[in-house]
Amino acid sequence: MNSIILLSLLTVINLFAGFSKNKNLSFILSFIGIAASAILLGILWNGNDVTNILAPNFINHMLSFDNTTIVFGVLLCVNASLIVLLLHSHEEPMDIPAAEFLTLVLTMLVGALCMVSYTNLTMLFLGLEILSISAYILAGAKKRDYRSNEAALKYYLMGAFTTGVFLFGVALIYGATGSFDVTEIAKYAALPNPQSIYYVGIILLMIAFAFKIAAAPFHFWTPDVYTGAPTLVTALMSTLIKTAAIVAFYRLFNTCFAGATNWSMILMIMAAITMFIGNVTAIVQTNVKRMLAYSSIAHSGYLLFALFALGNNSGASLLVYMAGYTFASILAFAGIIVVQHNMHSNDLNAFNGLGKRNPILAVCITIAMLSLAGIPPLAGFFGKFYIFTNALKADYVAISLWAVLMSCVGVYYYLRIVINMFFKSAEPDAKEFILPASYQIVMGICLCLVVLLGVAPGILSGLI
Amino acid sequence: MSTLLFYIFSLLTIVSAIGVVVSKTPINSILSLIATFFFISCHYILLNAQFLGIVNMIVYAGAIMVLFLFTIMLLNLNKDSEPQHNNFVKVSAVIASGMLLIVLLSAFKDTININHNTLAVVHTNQVGLLQNLGTVLFTKFLVPFEISSVLFIAGVVGAVVLGKKEIGE
Amino acid sequence: MTTYIIFKLILVLVLFAVTLGVAMYATYGERKVAAFLQDRIGPNRAGPFGLLQPIADGAKMFMKEEIIPNVSNKWLFILGPCIAITTALLTGAAIPWGNVININGANYSVQVADLNIGILYIFAVVSLGVYGIMIGGWASNNKYSLLGAVRASSQMISYELSMGLCIIAIVMMTGSASLNDMALQQNGSVWNIVPQAFGFILFLTCALAECNRAPFDLAECETELIGGYHTEYSSMKLGFYLFAEYINMFISAALISTLYFGGYDIPFVNDGDLSTNLAATLQVITMLGKTFFFIFVFMWIRWTLPRFRYDQLMKLGWNYLLPLAILNLVWTAVYVMFIQPLI
Chain Y
0 MNSIILLSLL TVINLFAGFS KNKNLSFILS FIGIAASAIL LGILWNGNDV TNILAPNFIN
60 HMLSFDNTTI VFGVLLCVNA SLIVLLLHSH EEPMDIPAAE FLTLVLTMLV GALCMVSYTN
120 LTMLFLGLEI LSISAYILAG AKKRDYRSNE AALKYYLMGA FTTGVFLFGV ALIYGATGSF
180 DVTEIAKYAA LPNPQSIYYV GIILLMIAFA FKIAAAPFHF WTPDVYTGAP TLVTALMSTL
240 IKTAAIVAFY RLFNTCFAGA TNWSMILMIM AAITMFIGNV TAIVQTNVKR MLAYSSIAHS
300 GYLLFALFAL GNNSGASLLV YMAGYTFASI LAFAGIIVVQ HNMHSNDLNA FNGLGKRNPI
360 LAVCITIAML SLAGIPPLAG FFGKFYIFTN ALKADYVAIS LWAVLMSCVG VYYYLRIVIN
420 MFFKSAEPDA KEFILPASYQ IVMGICLCLV VLLGVAPGIL SGLI
Chain L
0 MSTLLFYIFS LLTIVSAIGV VVSKTPINSI LSLIATFFFI SCHYILLNAQ FLGIVNMIVY
60 AGAIMVLFLF TIMLLNLNKD SEPQHNNFVK VSAVIASGML LIVLLSAFKD TININHNTLA
120 VVHTNQVGLL QNLGTVLFTK FLVPFEISSV LFIAGVVGAV VLGKKEIGE
Chain W
0 MTTYIIFKLI LVLVLFAVTL GVAMYATYGE RKVAAFLQDR IGPNRAGPFG LLQPIADGAK
60 MFMKEEIIPN VSNKWLFILG PCIAITTALL TGAAIPWGNV ININGANYSV QVADLNIGIL
120 YIFAVVSLGV YGIMIGGWAS NNKYSLLGAV RASSQMISYE LSMGLCIIAI VMMTGSASLN
180 DMALQQNGSV WNIVPQAFGF ILFLTCALAE CNRAPFDLAE CETELIGGYH TEYSSMKLGF
240 YLFAEYINMF ISAALISTLY FGGYDIPFVN DGDLSTNLAA TLQVITMLGK TFFFIFVFMW
300 IRWTLPRFRY DQLMKLGWNY LLPLAILNLV WTAVYVMFIQ PLI
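Protein chains in written order, with numbering that gives the first Met the number 0: chain Y, 0 to 463; chain L, 0 to 168; chain W, 0 to 342.
These aren't lab readings, by the way, just hints derived from the structure by calculation.
Check the hints yourself; a few may be wrong.
Claimed, not checked - Straight-line C-alpha distance at most 25 Å; calculated DSS-like pairs for lysine-lysine:
| # | chain 1 | residue 1 | chain 2 | residue 2 |
| --- | --- | --- | --- | --- |
| 1 | L | K163 | Y | K22 |
| 2 | Y | K142 | Y | K22 |
| 3 | W | K73 | W | K142 |
| 4 | Y | K142 | Y | K288 |
| 5 | L | K23 | W | K142 |
| 6 | Y | K423 | Y | K288 |
| 7 | L | K89 | Y | K20 |
| 8 | W | K73 | W | K63 |
| 9 | L | K164 | Y | K153 |
| 10 | W | K73 | W | K31 |
| 11 | Y | K153 | L | K89 |
| 12 | L | K163 | Y | K142 |
| 13 | Y | K142 | Y | K20 |
| 14 | W | K73 | L | K23 |
| 15 | W | K59 | W | K73 |
| 16 | L | K89 | Y | K186 |
| 17 | Y | K186 | L | K164 |
| 18 | Y | K355 | Y | K288 |
| 19 | Y | K142 | Y | K153 |
| 20 | Y | K153 | Y | K288 |
| 21 | Y | K22 | L | K164 |
| 22 | Y | K423 | Y | K355 |
| 23 | L | K89 | L | K23 |
| 24 | L | K164 | W | K314 |
| 25 | L | K89 | Y | K142 |
| 26 | L | K163 | Y | K153 |
| 27 | L | K139 | Y | K20 |
| 28 | L | K163 | W | K314 |
I would like the entire structure built from these sequences, with the hints used as guidance.
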């Protein structure tokens, strides 16, 4: 709770920091604030809640900070701080001032933290809305770019509609159970004969979440929005929002609906379609951002495995997967931003000959792509490994085979960009790329983490 | 008496909601939507939740819909500028929403058999009054109430940032 | 129960008649006040002192030819003035005109409906009143009308915020949103005008803007927009719009008296000493007296101050009134928390 309070206060302070002549002030504030909130989350480990300043009663019914929450919360904080660092030497023209941009990142983080720690559906709804509204605005951060406007509008319209669906689902579940509290709902779910509106409610919630994590058949907004939004925001959307949404989804199903698993068939079919659409459509893309959008859809398919094959290890496998995916994605998007800045294009051909012009950057992007493709010994491999093993343990053999097949398809388009970088020659007049300092730091951190998690995934999976 | 009123208001709500969808001119749609909100407020008042009813009226009918009307009036939309959809979209929309309707109908049919005592909500006629609402809001739902301010900050920042005129525009 | 219903029905009818009567004579009052302030005589031909003038005006309105522009949306064109007058008349229901009347040993409140959210009710109905203007202005299919309508509605939305904040301050003082509680709370103690003097000025300004009265009558300023949103209206439909405006002024004045000047509280008299019915009668008279005074203030302001420019109006509303209203809210919190217990 303290971390949420801190971040909420910081949003306001940050706005005032925008008045300051010192441009770095709001960056420093945000960075320190996010780090502090990660620490504040960390000290709650194993229930050491010593610093509650509000009457605990009010909070306990709304938010709870168990170890799963804390680990994912810290992951979200790290994710956000990396994005803040990237923004610091961001050279892509952004039409909204940095202080406001950072404020929106912070509100997004507040929403995400609410979503990973809720124990009451009202908090889940508020978190989802805070997250989404910040995202709608950030998607339109390039005000003079029609693509960005289109992305913001599309995302907003679809998102608002999904919010309606979500609320309707919550209302129906409330109608059946008479409570917003997850423990009460879980009690109801354990009863022998739940009402039909309860099931309809679950399905509507599923639809809303499928939209947020961009799972088929609710993924149609993703390519346009990911492509149109500023690349940094795309990175934020494909990592932070996805983590928050999938964790919220996981918490909801793990705590509330774990008793009756008749919804798992729906999720399984959804996962199968999502993996197919994501991977196969990504093959024909020539725009790298668009390709990564489809890749992000495909990853949602793998993530759904953790939900329908719900078991003791689901949380841990989700964590390893999400961590690997997050750092690899940030690495990839950071690379794309640099290339875009120098070549003024996101096209696959813009990456031609990158291996010669800036080998370090090329290696970074390669590692990111390999991790996303799930090549051992990188983080992405172990994420997939844990998730598929869990599914196989629960006797989901056919879908696991399908997923492995789809992963193989994925390797093709991830490697295409690598081939372009190393085996195609650049235009003759190309100059050398320069990596700004903060990009070097962020890419270094991500690179280390991707490799580290690939070598020793146990450090994360042992946590929960 | 209140059952009769309930049916009257429900009928009016549904009729005006259908009006929103079927009317050809945007202005009529908006006006039907305002009527829908108005009748929903009546439902709230029927449940003795006067505060919610009135606030629903102030916020939706009084403020948000005015802005809607504003935009529509200034854009001067009419029948000709309505985008044409092809038949495939229309048919699939009909099938999809028809299926949703069937699912919802069958689900709600089930609720007739509910034993009302099993519902956790103890409905008294005092529950919607201003004082009780305030008490609940500042005790049980304090955290969501305060967190919603972050939502508003995000909204305000967004409105200012996206709506502000830049120098030279 | 039957007596109760009959009493309330009579009250509704009386209130209806009084409201319309006041609105009618407010037109007369306006012209007389204008004449007084401009050192003229004003209407003096129809009846003694020109007292029959409003009736003559009304008759003229009825007789005039009714014109519905050919191209306008006919239904909406008629709906506009209907909404305007209906919402204007609805507001009076929540205002307490007196405390209680004793009939055959039973006490009846001299208020059509003592809603526990009375002030919000008025607020809601007023905010619905915008539609009358907007729909009428749009249905006229005339650029001046549309501009007038857009001006009126954006002005009303903008000033509703500050007005709402002033009202919240009063609600904080009272601890209730019922108008009767607000009047009772001031009864026999200090009127709200003392701690809320600042809020009163803000509220008065907002009320002027909400009523589309000068100096904020930009919706119908003749120099720019011919007649504003009712340019295309004639006959009794125009009459309805004008009536709605005067009724709104009447209700605003009554609201100001209730919120800041003790409502039906008779100054310097302990109401409890009088017999119930005598007290009620005097209270109604006092309340009407206060209301008429504020109607006079409205007119006084109209004939004293020049009209604002539209950008000035918006700037005033958003840049000055809103922050000041928030400041007033903070002051009220301090007052309720620390100063009131000392008194």
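Status of each hint after checking the structure:
1. Between K163 (chain L) and K22 (chain Y) the CA atoms are separated by roughly 20 Å; this keeps the pair inside 25 Å, and the hint holds.
2. Between the alpha carbons of K142 (chain Y) and K22 (chain Y) the distance comes to roughly 21 Å, so the proposed pair stays at or under 25 Å and holds.
3. For the hint linking K73 (chain W) to K142 (chain W), the alpha-carbon distance of about 17 Å falls within 25 Å, and the restraint holds.
4. For the hint pairing K142 (chain Y) with K288 (chain Y), the CA-to-CA distance comes to about 19 Å; that is within 25 Å, so the pair holds.
5. Straight-line distance between C-alpha atoms of K23 (chain L) and K142 (chain W) comes to about 23 Å, which keeps the hinted pair within the 25 Å bound.
6. As the CA atoms of K423 (chain Y) and K288 (chain Y) are separated by approximately 20 Å, the hinted pair is consistent with the 25 Å bound.
7. Among the hinted pairs, K89 (chain L) with K20 (chain Y) is inconsistent with the structure: their alpha-carbon atoms are about 56 Å apart, more than 25 Å.
8. Restraint check for K73 (chain W) and K63 (chain W): satisfied, since their Cα atoms lie roughly 19 Å apart, inside the 25 Å limit.
9. Of the pairs offered as hints, the one joining K164 (chain L) and K153 (chain Y) holds, with about 22 Å between alpha carbons and a cut-off of 25 Å not exceeded.
10. Distance check on the hinted pair: K73 (chain W) and K31 (chain W) sit about 37 Å apart at the alpha-carbon level, beyond 25 Å; violated.
11. Taken as a hint, the K153 (chain Y) and K89 (chain L) pair is honoured in the structure, with Cα atoms around 20 Å apart against an allowance of 25 Å.
12. With a CA separation close to 10 Å, the supplied pair K163 (chain L) and K142 (chain Y) stays within the 25 Å bound.
13. For a cut-off of 25 Å, the pair hint linking K142 (chain Y) to K20 (chain Y) stands: about 24 Å separates their Cα positions.
14. Of the pairs offered as hints, the one joining K73 (chain W) and K23 (chain L) holds, with about 16 Å between alpha carbons and a cut-off of 25 Å not exceeded.
15. For a cut-off of 25 Å, the pair hint linking K59 (chain W) to K73 (chain W) stands: about 24 Å separates their Cα positions.
16. A C-alpha spacing of about 42 Å is found between K89 (chain L) and K186 (chain Y), which places the hinted pair above 25 Å, so the restraint is violated.
17. Distance hint between K186 (chain Y) and K164 (chain L) is unfulfilled; the C-alpha atoms sit about 53 Å from each other, more than 25 Å.
18. Proposed proximity of K355 (chain Y) and K288 (chain Y) is supported: the alpha carbons are some 22 Å apart, at most 25 Å.
19. The suggested pairing of K142 (chain Y) with K153 (chain Y) holds, with an alpha-carbon distance near 15 Å, which does not exceed 25 Å.
20. Restraint check for K153 (chain Y) and K288 (chain Y): satisfied, since their Cα atoms lie roughly 17 Å apart, inside the 25 Å limit.
21. Taking the CA atoms of K22 (chain Y) and K164 (chain L), the gap is near 21 Å; set against the 25 Å cutoff, the hint holds.
22. Taking the CA atoms of K423 (chain Y) and K355 (chain Y), the gap is about 10 Å. The hint holds against a cut of 25 Å.
23. Of the supplied pair hints, the one linking K89 (chain L) and K23 (chain L) holds, its CA atoms being roughly 16 Å apart against a limit of 25 Å.
24. For the suggested pair K164 (chain L) and K314 (chain W), the alpha carbons sit about 16 Å apart, so the restraint of at most 25 Å is met.
25. Between K89 (chain L) and K142 (chain Y), the direct Cα distance comes to roughly 33 Å. Violation of the 25 Å bound is thereby established for this hinted pair.
26. Restraint check for K163 (chain L) and K153 (chain Y): satisfied, since their Cα atoms lie roughly 21 Å apart, inside the 25 Å limit.
27. With a CA separation close to 43 Å, the supplied pair K139 (chain L) and K20 (chain Y) exceeds the 25 Å bound.
28. At roughly 15 Å between alpha-carbon atoms, K163 (chain L) and K314 (chain W) fall within 25 Å of each other, so this suggested pair holds.
The earlier numbered hints that this structure contradicts are 7, 10, 16, 17, 25 and 27.
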